[in-house]
Amino acid sequence: MTAVKSITSSTFGDTYANAVGALPGANEPWVDGLRQMSRAILGGQGMPGPKVEAWKYTSLNAIAKTPFIPASTVDDVDVMSLPVNVPLLEGALKVVFVNGVYRHDLSDQIEGLQAGTVLSPFADVLKSRPDSLKDVLGTVMEPGQSFTAAMNTGFMEQGAVVHLSKEVNLKQPVQLLSIGASGLRPGAFHPRFEINLEEGAQATVVECHVGLPGQAYLSNSASEIILGGRAALNHYTIVSEDSEAFHLGRTAVAVDHNATYDSFVLSLGGKLVRREVHVRLEGEGAAATVDGAYGLSGKQHSDISSEILHLAPETKSNQIIKGVLGGESRGVFQGRIHVARAAQGTDGRQLHKALLLNRGPEVDCKPELEIYADDVQCAHGATTGEMDQEHIFYLLSRGIDEKTARALLVEGFLNDVIFSVSDESARNLILDMVKAWLARQRILAVGEL
Amino acid sequence: MSLIEIKDLHVSVDGKEILKGIDLNMDGGEVHAIMGPNGTGKSTLSYVLAGRDGYEITQGSVLFNGKNLLEMEADERARAGVFLAFQYPMEIPGVATSTFLKTALNAKRREQGLEEIDAMEFLNLIKSKTKELEIPYEMIKRPLNVGFSGGEKKRAEVLQMSLLEPRFAVLDETDSGLDIDALKVVSDGVNNLRSPDRTFLVITHYQRLLSYIVPDHVHVLVGGRIVKSGDKTLAELLEAEGYARFEESEAA
Ligand SMILES: Nc1ncnc2c1ncn2[C@@H]1O[C@H](COP(=O)(O)OP(=O)(O)OP(=O)(O)O)[C@@H](O)[C@H]1O
Ligand SMILES: [Mg+2]
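Those sequence lines, one after another, are chains A and B.
Residue numbers for the first sequence follow my numbering, beginning at 1071 and rising by one.
Residue numbers for the second sequence follow my numbering, beginning at 898 and rising by one.
FYI, nobody ran anything at the bench for these hints, they're computed from the structure.
Worth double-checking, as some hints may not be accurate.
Unchecked claim - Using 35 Å as the maximum straight-line C-alpha spacing, the simulated DSBU-like pairs for lysine-lysine come out as follows:
id, chain 1, residue 1, chain 2, residue 2
1, B, Lys-1038, A, Lys-1241
2, B, Lys-904, B, Lys-964
3, A, Lys-1473, B, Lys-1028
4, B, Lys-1129, B, Lys-1026
5, A, Lys-1505, B, Lys-1026
6, B, Lys-964, A, Lys-1473
7, A, Lys-1473, B, Lys-1026
8, B, Lys-913, A, Lys-1473
9, A, Lys-1473, B, Lys-1038
10, A, Lys-1505, B, Lys-1024
11, A, Lys-1505, B, Lys-1028
12, B, Lys-904, A, Lys-1473
13, A, Lys-1386, B, Lys-1038
14, A, Lys-1505, B, Lys-1038
15, B, Lys-1024, A, Lys-1473
16, B, Lys-1129, B, Lys-964
17, A, Lys-1135, A, Lys-1436
Stated by the list, open to error - Here are some of the chain B residues that sit facing chain A, going by a computed Cβ distance under 7 Å:
id, residue
18, Ala-971
19, Asp-972
20, Met-987
21, Val-992
22, Thr-1000
Said to hold, decoys possible - Chain A is faced by these chain B residues, among others (derived, beta-carbon under 7 Å):
id, residue
23, Ala-947
24, Arg-949
25, Arg-976
26, Leu-981
27, Ala-1001
28, Ala-1004
Quick reminder that beta carbons are idealized off the backbone N, C-alpha and C, glycines included.
Build out the structure end to end from the sequences listed, making use of the hints.
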């Protein structure tokens, strides 16, 4: 293991160390203990280098070299209203963060929702009723398991808590919108989202991570999700950070019996984006869909690292990740499926497909199946290739010019997996974002189709 | 001058000569049928006419409406009015059939200097065409050909043709995979498109199709050559006797 640098001493500098004492919940010993432990992990290991298996294909050097300050102390940028091109989910309850700071003025009214529903700023909960998080915080998002989780937990300050009591069906989707906006100095922020659905509860949560054009910033988010028996969560994560930005985010989910975690990650932007997803299918009949799509250009780097743990009988997981790569971009997919001895009757499927738009990009794909049960059905596959000439010819033969044909096929390649997003308004939002991305890449002229 | 004039066409694939001198003139309003054993070059001819890459034209020419067809790109040919109903239509994941149809239709309209089709007008057009071909309307919301049955794919090809109204349509085994009722529906669809300024080249193995779409001329393609041409009775003869006698003469 090579330690690049100790994150607390070098990367975030003294400003960070000074700010630490004032974090919400700091006077609560178990919260403080969790942060201390996480920072000890960061301090002890430093930033993981290429010899650490999980970080073999994604280098943190650029982050290590950037002198970040806590983004909440960035004072030379004002965001007075929502930027125009921010993706908005129709009909959703918006909870907005700018540089990791909850913005009451930009958010929707989140008090007084239907009975059995809590939607609160994370810092408020840590301050006023920390005990409500005691059995939750850090239990699935374990700092020891991931550098991304440790960094978030060590510095977590603001975010949101979504808690639904038994059988509550929150009809209105929740949109968590994190906006990065650095000024002259690059800021780092660590939003923390705690989503807890008790038995039989249902919700749709869309996370959007975006940024204003400008300097580099680091968005280091963590979403810790606990689903009780028969609960059902649609969880969509959209990352479209500024082209100079870094994004290290992790989702960790525990799924109890017959509950379903239905998720999609769309990764379109940022200089470096790494999304980690860790799903524990803990109860009999638990099921997860862990799909995703990414689009890369220039020298962008995207990493989707996924672990799906089948820990109980009759659990199901399904994963399709599709990526389109142009320029000299680099895409990484690491997908581990683990089937414990107890998880008889597991059904696990995984597929990664990358479409290369030219000769420049590189794809690293590392699927791993670890199966300790004998009655299982597992399949995984991966393909990387250029556009199918036969497909192009078919479109040409109908009079469609080559540029349009290629655009249709690239869009179709991604839409193929996006079509299976179950929530209609989230699906439309993702389709629109992909269309806009294609237009920005000049793969698709605006209004062309 | 005929609408399509194929003269001494020789085509090779990977250095192997597949078409060995095809001569064929087709006039406006005519239906020509090509029959022949497997692997004799029928699809090759259809692909060459549609402009697919990978074929080396070593000799000969094809004129379409007086223009050198072989010099045109595949999409130009299509916009000029050439259409190929594929023997094996491609499945295109993620591209809704309706999006594809609209894009193709608008490409043609742009070529003709027309505006893009209005959404309502497009919807109505599709509704009437799908009804005519007994295609469930829901199908056009699905990704193009993905998961369509063999017969559904063939119907979808004819739907495209009827939407794009080509001047010269090549149907490569459009009857294969169709059940008896579907064969009738699809044939009616084709017959409805027959007109004095539209020419069809119908490739088939079965006389049955030709009893619905009655050809003006029937050609037998064996070993990369047209070894015999005649009227519709030739198809009946072939159905009864097979290709043996032509293959013998080819070998000789
Ligand atoms: N890309 C290719 N590479 C090598 N040989 C090819 C290629 N394409 C076609 N051929 C050969 O050319 C010959 C003619 O093929 P073609 O598909 O035109 O036959 P066909 O008459 O349409 O047959 P069928 O009735 O079975 O559809 C066959 O022997 C085929 O194997
Ligand atoms: Mg053929």
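Inset, instruction - Please work out if Lys-1473 of chain A and Lys-1028 of chain B have their alpha carbons no farther apart than 35 Å. - result: Holds, because 32 Å separates the two Cα atoms, which is no more than 35 Å.
Inset, instruction - Please work out if Lys-904 of chain B and Lys-1473 of chain A have their alpha carbons no farther apart than 35 Å. - result: 33 Å, holds
Inset, instruction - Would you check the hint for Lys-913 of chain B and Lys-1473 of chain A, treating anything up to 35 Å between C-alpha atoms as holding? - result: Satisfied, since the Cα-Cα distance of roughly 32 Å is no more than 35 Å.
Legend entry - Straight-line alpha-carbon gap Lys-964 of chain B to Lys-1473 of chain A, limit 35 Å: Holds, at roughly 25 Å.
Legend entry - Hint check, Ala-947 of chain B versus chain A [nearest Cβ-Cβ separation less than 7 Å]: The hint holds - Ala-947 of chain B has a Cβ within 7 Å of chain A, the shortest such distance being about 5 Å.
Inset, instruction - Please work out if Lys-1505 of chain A and Lys-1028 of chain B have their alpha carbons no farther apart than 35 Å. - result: 32 Å, holds
Legend entry - Per-residue hint verdict: Leu-981 of chain B, partner chain A, C-beta under 7 Å: Holds - the Cβ of Leu-981 of chain B comes within 7 Å of chain A, reaching about 6 Å at its closest.
Inset, instruction - Please verify that hint: Val-992 of chain B, Cβ, nearest Cβ of chain A, below 7 Å or not. - result: 4 Å, holds
Legend entry - Closest C-beta approach of Arg-976 of chain B to chain A relative to 7 Å, hint status: It holds, given that the least Cβ distance between Arg-976 of chain B and chain A is near 4 Å, below 7 Å.
Inset, instruction - For the pair supplied as a hint, Lys-1129 of chain B and Lys-964 of chain B, confirm whether the alpha-carbon distance does not exceed 35 Å. - result: Measuring from Cα to Cα gives roughly 30 Å; hence the hint holds.
Legend entry - Straight-line alpha-carbon gap Lys-1038 of chain B to Lys-1241 of chain A, limit 35 Å: 27 Å, holds
Inset, instruction - Given the hint that Lys-1473 of chain A pairs with Lys-1038 of chain B, test it: the Cα-Cα distance must not exceed 35 Å. - result: 23 Å, holds
Against the hints set out earlier in the document, no violation occurs for any number.
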